[in-house]
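Line by line, the protein sequences are chains A and B. Once you know that position 175 of the first sequence is 175 in the numbering used here, the rest is easy, because the numbers rise by one and skip nothing. If you count the second sequence from 1, you need to add 345 to reach the numbering used here.
Just so you know, these hints were derived from the structure itself, not from any lab. Glycine is no exception: its CB is placed at the ideal position from the N, C-alpha and C atoms. Watch out, some of these pointers could steer you wrong.
What the hints assert, rightly or not - Footprint (simulated), chain A over chain B, 3 or more residues, beta carbon under 8 Å:
| id | segment |
| --- | --- |
| 1 | 409–421 |
| 2 | 432–438 |
| 3 | 445–459 |
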Amino acid sequence: MSRLTRTGVLRAVVVFGALAAFPFVFPAQWIVNIAIFTLMYAGLATAWNLLGGFSGYLSLGHAAFFGVGAYAIAIAFTHIGIGGSGYKPFFALPLVGIVVALVSVPIAWVALRVRAATFAIVTLTLLFVVQQLAFNLHHLTHGSQGLALPPPPFDVSTFEQPFYFAMLGVFALAFFTCWWVKGSKLGLMLFSIRDDEDRARGVGVRVTGAKVIAFALSVGFTGMLGGVWAYYIQFIYPQFAVDPLITIGAVLMAFLGGKGTVWGPTVGAFILVPAQQYMAYKLGASELYLLGYASVFLLIMLFLPRGIIPSISDHLARRRSGRPDEPPGAVASAPRATLPGGMAP
Amino acid sequence: MSTLKLDGVVAGYGQGDILRGVSLEVEAGSVMCVIGPNGAGKSTILRAVSGLLRPRAGSIAVDGQPIASLKPREVLSRGIVHVPQERSLFPQMTVWENVLLGAHVLGDRARARRRIEEVAERFPILRERRNAHAGSLSGGEQKTVELARALMLDPKLIMLDEPSMGLDPKARQRVFTTIRGLNETGLTVLLVEQNARAGLEIADEGAVMDGGVVKLRARGRELLDDPRVGALYLGAPITPREAAPEPTR
Numbered sequence: 001m002s003r004l005t006r007t008g009v010l011r012a013v014v015v016f017g018a019l020a021a022f023p024f025v026f027p028a029q030w031i032v033n034i035a036i037f038t039l040m041y042a043g044l045a046t047a048w049n050l051l052g053g054f055s056g057y058l059s060l061g062h063a064a065f066f067g068v069g070a071y072a073i074a075i076a077f078t079h080i081g082i083g084g085s086g087y088k089p090f091f092a093l094p095l096v097g098i099v100v101a102l103v104s105v106p107i108a109w110v111a112l113r114v115r116a117a118t119f120a121i122v123t124l125t126l127l128f129v130v131q132q133l134a135f136n137l138h139h140l141t142h143g144s145q146g147l148a149l150p151p152p153p154f155d156v157s158t159f160e161q162p163f164y165f166a167m168l169g170v171f172a173l174a175f176f177t178c179w180w181v182k183g184s185k186l187g188l189m190l191f192s193i194r195d196d197e198d199r200a201r202g203v204g205v206r207v208t209g210a211k212v213i214a215f216a217l218s219v220g221f222t223g224m225l226g227g228v229w230a231y232y233i234q235f236i237y238p239q240f241a242v243d244p245l246i247t248i249g250a251v252l253m254a255f256l257g258g259k260g261t262v263w264g265p266t267v268g269a270f271i272l273v274p275a276q277q278y279m280a281y282k283l284g285a286s287e288l289y290l291l292g293y294a295s296v297f298l299l300i301m302l303f304l305p306r307g308i309i310p311s312i313s314d315h316l317a318r319r320r321s322g323r324p325d326e327p328p329g330a331v332a333s334a335p336r337a338t339l340p341g342g343m344a345p
Numbered sequence: 346m347s348t349l350k351l352d353g354v355v356a357g358y359g360q361g362d363i364l365r366g367v368s369l370e371v372e373a374g375s376v377m378c379v380i381g382p383n384g385a386g387k388s389t390i391l392r393a394v395s396g397l398l399r400p401r402a403g404s405i406a407v408d409g410q411p412i413a414s415l416k417p418r419e420v421l422s423r424g425i426v427h428v429p430q431e432r433s434l435f436p437q438m439t440v441w442e443n444v445l446l447g448a449h450v451l452g453d454r455a456r457a458r459r460r461i462e463e464v465a466e467r468f469p470i471l472r473e474r475r476n477a478h479a480g481s482l483s484g485g486e487q488k489t490v491e492l493a494r495a496l497m498l499d500p501k502l503i504m505l506d507e508p509s510m511g512l513d514p515k516a517r518q519r520v521f522t523t524i525r526g527l528n529e530t531g532l533t534v535l536l537v538e539q540n541a542r543a544g545l546e547i548a549d550e551g552a553v554m555d556g557g558v559v560k561l562r563a564r565g566r567e568l569l570d571d572p573r574v575g576a577l578y579l580g581a582p583i584t585p586r587e588a589a590p591e592p593t594r
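In isolation and in its complexed conformation, chain A is listed as follows:
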């Protein structure tokens, strides 16, 4: 169980301090724009990790809740009138997160009755259901015509900064929740479910409750990030707000950095998103950027197959214990139990 070590706290203070100073040190709009999307994906991957990394339930449908969050803010603007633009939509984000989390509870309760590939397919189906709803609930979403949000009245020279800090705030909330969960009783429950759900039930873990809480927390943060994104983009369409590529991107980043770790998804996002965005800027016309992006991913998977953080942690642990490194691709040293889920109270 992770404990609050001095090194861990220091690392978090340095990283979040640097992130807070970033738009003042690098004020160029295109750089801050990349940073906004980096923070968004860091938040999405961290939120996904709460469920997929900690409990082993690999959701492919998180973009559904990203879209729900995005439409919630957009509909609040256009239909309810939340009091104009400016900073007010940012204050509505906690409410968006709570509502998305609450709405997800019955969905989670049903979806989490199945496991592994079936769960992934159920969540993917949910994504397409939400996307179709976004197309068809025309009176609310304006369907394929898209929904416009009023332009924020921010100063042009620092237009990105409020969005940057809103993304940073939601990402920080997701990150520290992830950190807290990892060291908490909930984390212990989720890890035991990830290892062997039947066995976890056998030692008295309330598996359904733990999974539903993780699902709700995870999609709550996802919805909030969708809300910030919608306000930043200002015009949302169903195919972009509820886009499978959003989930896939977040999942890739969590795997790349190391799912089930606190820092892994952040590291994955901080490598992949700037790499993708930078190469799109520089090589966009030739579309070579896709090759470059894939190369970054493949190289890391080749040399650090368990993800960056777990691979480095293992390497350091082996150096401390004097054991040699396993070659890339070797099975992790911890063997899996070979017997099926033994249940014991």
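Since the structure of chain A is already known, use the hints to place chain B on it.
Below, chain B alone, put in the same frame as chain A:
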């Protein structure tokens, strides 16, 4: 007063009965060892007591309180823990996390942390291998950690299903010494063991099961010398040495 009493328990899987009227008493503070051939229903007794299998007939009581209809979690909260036959640790979790999970039903983190420190005093391996993945431990070490986890609830009855299975002789010896040591602290032990000699040697009482019922019951050492055990266990009269076959690997 007996800690555990089974009276005419009938239980099984699907349409079939494995236990066909088991009656057994385990006295408080004693070690009871249940032996018998494969399929006799030894492990099924433990599953029925721990709530994993609901009896179709008969009663199970602990300190006079019926527990046959309780859920596994409720049985745990009554201080009855079950260490199953197969490896039951979570291989990707650390040793410390695995043991902490043993106190999960307490719902009191501070108490769990105090308790794990107490348990770690008895089992130094918990501190030595604290951050190691449980799956990287040897079989004997895993069994020790399982025992440590079972103690997290400060149980009054611990049920061990073939704790020596798959262990080398040295590790097996350590496990039986540990079990005896736990019993000396006042813990009641219900042990199911294929290694009849080793089990009966540390047991105050023994029971021989066959065909889903208890056929013989006596002091542990008396059973070792009882020729009827051989007849039930191996199908022929045996000498005491033959009564303790090595477990099949």
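With a Cβ-Cβ cutoff of 8 Å, does the segment 409–421 of chain B contain at least three residues near chain A?
With 4 residues in contact (Cβ-Cβ under 8 Å with chain A), the coverage given for the segment 409–421 of chain B holds.
Holds or violated: the segment 445–459 of chain B covered by chain A, criterion of 3 or more residues with Cβ-Cβ distance under 8 Å? Check passed, 6 qualifying residues.
* Against chain A, does the segment 432–438 of chain B show at least 3 residues with beta-carbon separation below 8 Å? -> It holds: at least three residues are needed, and the segment 432–438 of chain B offers 7 whose Cβ sits within less than 8 Å of chain A.
Consistency note: the structure conflicts with none of the earlier hints.
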